[in-house]
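Undergrad: Single-letter residue listing:
There are 2 protein chains.
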Amino acid sequence: MATTLPDNASLEQDLVVAQAAVTKQGDTVRSLKASLKEKKADKAQVEAAIEQLKNLKASLDLKQKEFQSASGKTSSTNREAFRDAVKTVLERRLFYIPSFEIYGSVAGFYDYGPPGCALKQNFTQFWRQHFVLEESMLEVECPAVTPEVVLKASGHVDRFTDLMVTDVVTGDCHRADHLLEAALQALLDGKPKPLDTQERQAVHHLLATVEELNVKQLGDALEQYGVKAPETNNDISRPFPFNLMFKTSIGPRGDQVGYLRPETAQGIFVNFRHLLYSNGGKLPFAAAQIGQSFRNEISPRAGLLRVREFTQAEIEHFCNPDAKDHPKFQSIAREQPLLFSRALQMSEEKQPQAMQLGDAVSQSIIANQTLAYFIGRTYLFLLRVGINPKRLRFRQHLANEMAHYAEDCWDAEVECSYGWVECVGLADRSAYDLRAHATKSKTDMSAYEPFPDGSRMVDVLVAAVDKREEKKKLTGRNFVPSVIEPSFGVGRIIYCMFEHCYATRKGDEKRSLFHFKPIVAPVKATVFPLFAQPTFIDQAQAVAALLTAAGLSTIVDSTGASIGKRYARTDEIGVPFAVTVDHQTLEDSTVTVRDRDSTTQVRVPIAEVQALLTELVKGRTWESMQQQYPTHASAADDN
Amino acid sequence: MATTLPDNASLEQDLVVAQAAVTKQGDTVRSLKASLKEKKADKAQVEAAIEQLKNLKASLDLKQKEFQSASGKTSSTNREAFRDAVKTVLERRLFYIPSFEIYGSVAGFYDYGPPGCALKQNFTQFWRQHFVLEESMLEVECPAVTPEVVLKASGHVDRFTDLMVTDVVTGDCHRADHLLEAALQALLDGKPKPLDTQERQAVHHLLATVEELNVKQLGDALEQYGVKAPETNNDISRPFPFNLMFKTSIGPRGDQVGYLRPETAQGIFVNFRHLLYSNGGKLPFAAAQIGQSFRNEISPRAGLLRVREFTQAEIEHFCNPDAKDHPKFQSIAREQPLLFSRALQMSEEKQPQAMQLGDAVSQSIIANQTLAYFIGRTYLFLLRVGINPKRLRFRQHLANEMAHYAEDCWDAEVECSYGWVECVGLADRSAYDLRAHATKSKTDMSAYEPFPDGSRMVDVLVAAVDKREEKKKLTGRNFVPSVIEPSFGVGRIIYCMFEHCYATRKGDEKRSLFHFKPIVAPVKATVFPLFAQPTFIDQAQAVAALLTAAGLSTIVDSTGASIGKRYARTDEIGVPFAVTVDHQTLEDSTVTVRDRDSTTQVRVPIAEVQALLTELVKGRTWESMQQQYPTHASAADDN
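From first to last, the protein sequence lines stand for chains A and B.
FYI, the numbering for the first sequence is 1 to 639, going by UniProt numbering.
FYI, the numbering for the second sequence is 1 to 639, going by UniProt numbering.
Pulled out of the complex, with its shape left as it was, chain A reads as follows (with noise of 0.2 Å):
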């Protein structure tokens, strides 16, 4: 059986061979296609290069089938393949671009494209909503150029640091605990042979435990299996401490070190005493920030979910440590989350529980209701926003992977085809940073709280010299806040949100498609004359302007396409709604309004279009309009 069989992972190869020159063609058709518009080549080479393309594509539909049925997984290479096909559209209709593509790019580094930009917009803005406004936070915007004190005081200057492997012949640069992993894997993988599971058992312990391992043992364990460095198979060096934050210079003398912040959290912190007296001195409170935060990654891969810069969104709520109750906690103690309890993490199935926030905090397995309130907060946004319940679960740090100051943390996963991915983290960090300024700066952080019980009587030093302690009454106390934080990752839940709207139509796999929720969409309307005469394209104008006037992006359509094709169009990039002027519209002004999720329209007015598709936007079901107006059954053809 084994020889008439090719190995897996010769078919593996194969696949990614095949995968290579669809994307390869995809993207001359692409380029013959701007071409043409300029005349700089013809209709027939097009047809040919898109044929060739249709042909690669049932090869390496073929080559899929086949590895899938000679290996029995739907394994990476089907998650590849679903990451491709949306990677396709994403790039083809400039959600986001490589940066300084025509320099030749830099890793790390992404430009979000028109519609990328208007969606994260409408995102960051939905948060705000969401967060800062309904809860009334302080948002603050600070720099992110920073003096070194700032972040020697933080830790970031000792102790941001990845380690990192070079190849001793290039001088390539690599992380140390990823090489390990990619060695370790093999080996389990069968390669160069199989293991005794003596070996087997080993490599297993290890590979769980990479992350705890210290420079030296990390080192010893590259040497251990000759790890060598990938691609050239030269040798590596031991593994160092390489910081991530970029340095710079502040002023002309060079003399006063900056870094980009790594993080924006620390703007919040050195302001807390003028937060504080903005909020009249009392606790709790919370502020926010949403910005760029800079990571200069050793060798970043993993597309929009590993960059250098990147968009934060924390928030860092202040509370006396012994009242971390939350007012508004029944708002939302009945959601049920898929929690991964540390617990849980343990157990022999591993599997994450959906469970009411309120029994999480009274069971003890979230430490406290503030925490939980924030775990309840976000997971009520993320859904909002358009991530699936099903591929996301809060996953509670077990006790080896949090810092020692931290009470509890909680990471927002969301599943996606590059796995589990950490989208928002959720901590309740102590005092701890505020501590850390406090010290270093020497600045008084502490808040004064009287006592809820009135005044009482405490021992007070009152002379030093001979340690005279007397009774005094104290009517409060002051102590250093205690922060919980919740921080987003901001362009990863929007990268997530890409992998969970992205569907093709029923019946039409060419025919893609994403499922935003109209607050993220980019664009919530599609004006569409039916044809490109001047009647119709002047009406669709005027409709668009009507909804542009009320902040509702909106394009016009008025190409000669047909309307089936148009409607694809708008649909590949996620328009909700598209509103069609056609031979009816000249005569009674109203339209049609079409749903892009269910392909159904009804009728209405021009009149009410507006506060319609505002309603629409803000959250009224397509179904209220049905029952509200006709049902418009179209005569183009929508598939």
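Honestly, the hints are just simulated from the structure, not real lab data.
Don't take every hint at face value.
The list treats identical chains as interchangeable, and a pair is accepted whether it falls inside one copy or across any two copies.
[As the list claims (entries may be wrong)] For lysine-lysine, the following DSSO-like pairs were computed, each having C-alpha atoms within a straight-line distance of at most 30 Å:
| id | residue 1 | residue 2 |
| --- | --- | --- |
| 1 | Lys471 | Lys43 |
| 2 | Lys24 | Lys565 |
| 3 | Lys40 | Lys282 |
| 4 | Lys37 | Lys440 |
| 5 | Lys33 | Lys442 |
| 6 | Lys247 | Lys152 |
| 7 | Lys247 | Lys440 |
For chain A, the structure is supplied; the task is to place chain B on it using the hints.
TA: Same frame as chain A, now just chain B:
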């Protein structure tokens, strides 16, 4: 006479000292108030400090009047007094905060505190609505970290410099032109001794042309006038160019130089081909970007006006160099901003004139319709965010100010206490930027357009060797598009807006307020329970929740202070509307709504208050509210 009056310089000196004393005492009062909250100071201390502050202010006031009557000018010192008054409120209410203050701050970096951050968000969102949405622009977001090659192509690596001199003893750095200007100004002011007419003329001429001096001429002039380092009076070095970009290193190898972008525009230029493709290959179109830019200023002063990290909003409008008419030009042709053309700047009066933009184009004062269209849209935008049109002028660059490739440039300049400040630059940059990147990256940056009058016969070189030419029929042509660039300095406009919106209540100079336009106001409404009792507070919270749900930023002030005092607090951060829950609310579910500017009130049903405030924020006039709802005669003291 001269002996009975102290000379103006000494009076001015007194004023500065008095001003500093007021500022210092203001800080003392603030810190004592904070200590009072934490029971570290007592009430008597605070009251004594306030009393002293009042005395110092009275003394300052007297000195200001003395100076004004002696000098006859409402000069720099009065402008500085005004600036200090605005600054005091801005800093006390945390509109902005010097960054990293607990570590002693770093010149040129500011945080936006809660109201400043909210206002800036509203500002940029309105900019998006006014430009991106209403003009169907393609918005992108590109990284701040930029590889050297991009900024080499744009010219920034070689030419983005200021001339610097160093103090030969301390090594302190100064801008060479600023030192020369200050020295020449001192000479004109008669220090150390009055100049004769000829000397005066020479100094005047040099002062007017400082910006045009090259490095040698500037060095010679500094030597000629014996300019020393400020404060130390030490000798200074010859001037040398200092590049204003923050430098960093990308990736772990240390061999890839990067800079923090000095402008957002380059991110758009390098994406030109993608954007053209996304626009169906057609011109004209505009792309936009809002984001952080960075300039490592030599010695930043002038507060928020000259900072090292700032937000830009830039538009690049790409068009056929032979087709710079604009289809929507008529919509702004009758707007009449103050234009300060080249001719007017060279005239005797040197005064700008209000002129219809249509006339400015037909008289060839503004180079083309598209540039004039953006001047008109910018004018409307600035008015809508609260810039005073009488203190706004569009100044044309003189021939010697423009780059050789530029066709025409105008700056929107706004007058504030620092003088006329460049807030928006509007430039027709021809094809310079795209050509530079085409050359450096060897990428085709041309667009194609069919001839409007159909095909034509053109001489085409068919064989390079024998230079043989043939007639050939072409239907269109390829060309590198022109770029018209409106570039907004967001922080500068916001600072000028602060000054233009600042005022004190008639008859009570201690009650300051900001007349922010509702669209940009950081908080749209404050809700007041008339008394700090649960029934009132609960009802106020419910009204606030309604407003927040509609996206209207709302605060509830349920402190026990008098309603007059609470109005004053909310006026001070420019909240345009106040909603009060009073006894009548509990009976008939109506509230009073107060207009900040007129201090008049109307009575409105709670059920309508959400929709009404939404309309008011969008631009509905207060007068129309007064016609719709009954006036509420206030029983509370509003003064």
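Undergrad: Any of the earlier hints contradicted here, and which numbers?
TA: Violated hints: none at all, because every hint is consistent with the structure.
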